[in-house]
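Line by line, the protein sequences are chains P and C.
1 is the number of the first residue of the first sequence in the working numbering; add one for each residue after it.
1 is the number of the first residue of the second sequence in the working numbering; add one for each residue after it.
In case anyone wonders, no lab produced these hints; they're calculated from the structure.
Incorrect hints may have been included.
Beta-carbon label-pair distances, calculated as ranges [what the hints assert, rightly or not]:
1. P:L195 x C:P12: 23 to 31 Å
2. C:V117 x P:E250: 18 to 26 Å
3. C:R93 x P:R386: 25 to 33 Å
4. C:L39 x P:P269: 52 to 60 Å
5. C:Q66 x P:Q150: 38 to 46 Å
6. P:Q200 x C:H4: 30 to 38 Å
Don't be surprised by glycine CBs; every beta carbon is placed ideally from N, CA and C.
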Amino acid sequence: MTYVLLIEDNMSDARMVEDALKQQGPDTYRLVHVVKISEAIRLLARDLPINIILSDITLPDSQGVQTFTKLRKAASDLPVVFLAGAHDESLAVDALQKGAQDYLLKGQFDRKILVRSLRYAIERKKFENDAKSARSKTRNLQQKTALLKQQKAQLVALNDAKDDFISMASHQLRTPATGVKQYLGMMLAGFVGQLSENQQSLAQNAYESNERQLATIDDLLKVAQLDAGHLTLHETEVDIVVMLEDIIDEQRSKLEERRQPISFEFQKPHAVVEADHKLLRMVFENLVDNASKYTPTGKPLSIRVSKIRSKIMVEVIDGGVGIDKANATKLFQKFSRIKNPLSETVNGSGLGLYWAKKVVDLHRGSITVESALGAGSNFTVLLPSRRDQ
Amino acid sequence: MTAHVLLIEDDPTLQQAFALVLRFQGYDVETAGNGEEGLRKLKLSTPHIILLDIVMPVMDGLTFLQKANLRGKIPVITFSNLSDTTKTEGMARLGSVRHVLKSNVAPRDLDLLIKEVLGK
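Could you build the full structure based on these sequences and the hints that come with them?
Have a look at this one:
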């Protein structure tokens with residue numbers, strides 16, 4: 001059904017149109033007829049389902065291009081076809097040039113021509129509307145592209161400034177702490193004579209506090225580098241078992257001091273992964289160190305390496321204080337330090353596990369934790385194994 | 001024979017600290033505050049080993065390495081508090097035999113490190 005708004009003050013012309021459209025059969029055209037432009041505008045404001053406007057070019061309250069301009073203003077997306085007599089054809093031509101879809105000369109068209117003109121006008125207007133919206137979309141996209149380019153340049157500049165800052169901060173924060181380390185280190189090494197027990201203890205505390213400061217600076221810088229997207233992996237073949245044996249050896253004296261026996265289970269042949277050796281080692285050092293730190297003296301730790309299909313699974317298991325379920329998800333977030341019976345005495349920046357997870361993610365792996373309060377934790381790292389295994 | 005060390009470090013506190021550490025451990029220490037001063041000291045005497053900072057005013061450590069051309073002549077240990085690995089990679093090509101993070105070196109480690117590099 002096509003709804004036609006007919007604006008025609010000449011009743012016989014109006015009837016001619018009405019008859020012609022009726023002949024097209026029921027339910028093809030429905031006519032809404034008014035005689036003035038003012039009435040038409042009021043109707044159009046009511047949001048009726050009009051598909052096309054068919055209007056006399058000379059009306060009692062409007063003429064020529066003015067008629068078209070008013071209709072455009074009232075309904076910019078509707079097609080307009082004008083009816084003109086021989087005396088005012090030039091007005092219809094003007095309206096055509098302004099954007100009307102078509103005009104018909106009164107007395108010179110029949111039903112077929114009228115219907116074809118209406119159909120054609122509707123199609124043409126639809127095409128024009130589509131083209132207009134495509135043009136506006138293109139313009140929008142061009143504006144957005146320009147904006148994005150500008151924003152990208154700003155981001156690059158900001159990122160450069162951030163890199164400079166990281167580099168400078170790294171240098172400036174470490175330098176004075178390094179001075180403290182050397183001077184206290186000399187005292188502790190006995191370079192200026194034997195210290196009394198009290199002096200030794202105080203200097204040792206100061207030295208350790210300074211070491212903590214340096215470790216925190218390192219953690220901050222590591223995370224800043226990672227967040228800035230500057231961590232590139234230098235991947236080689238890494239024998240996970242050898243790496244873990246190394247880490248256990250390195251931490252053995254500390255573990256013995258805490259009387260924490262450590263067991264290590266693995267299968268042969270050894271699991272090999274493609275990884276950045278230095279970074280992956282730091283991840284596992286962190287996990288083993290955490291397991292020991294959050295486990296009371298005298299309780300055991302264990303590490304297990306196994307192969308599951310195309311993955312290598314490393315589990316670091318402790319019988320420590322554990323974490324409740326609600327906190328387990330927070331564990332890998334930045335600056336998250338979970339309160340537990342040992343957190344008051346154990347030092348940490350709250351960045352270690354955040355960093356570890358990011359590094360494991362970069363290796364296309366995953367890190368998860370299973371834990372229960374008071375029952376210890378099981379940290380599981382899954383890494384893709386080397387393809388030919 | 002006492003080993004002769006040229007220490008090139010711009011930060012006065014650290015220069016003094018490392019010089020003290022080395023002297024306490026029996027080294028003969030010459031100091032310079034930047035690369036240019038380091039080059040001048042090299043004309044006057046030939047050390048057994050050089051400890052070289054990287055970030056310095058006037059002439060930085062990398063430029064010093066380029067100009068001094070010490071590869072295979074005098075071993076150089078570079079040390080800095082930079083965490084930027086791209087810079088440290090270039091140093092090996094320019095003749096640095098070891099690169100260490102200053103904040104990681106305790107006084108006793110410095111002695112061990114020098115002995116290791118000198119093969120003693």
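>> When the structure is checked against the list of hints, which entries are broken? Sort them ascending.
In response: Failing hints: none at all.
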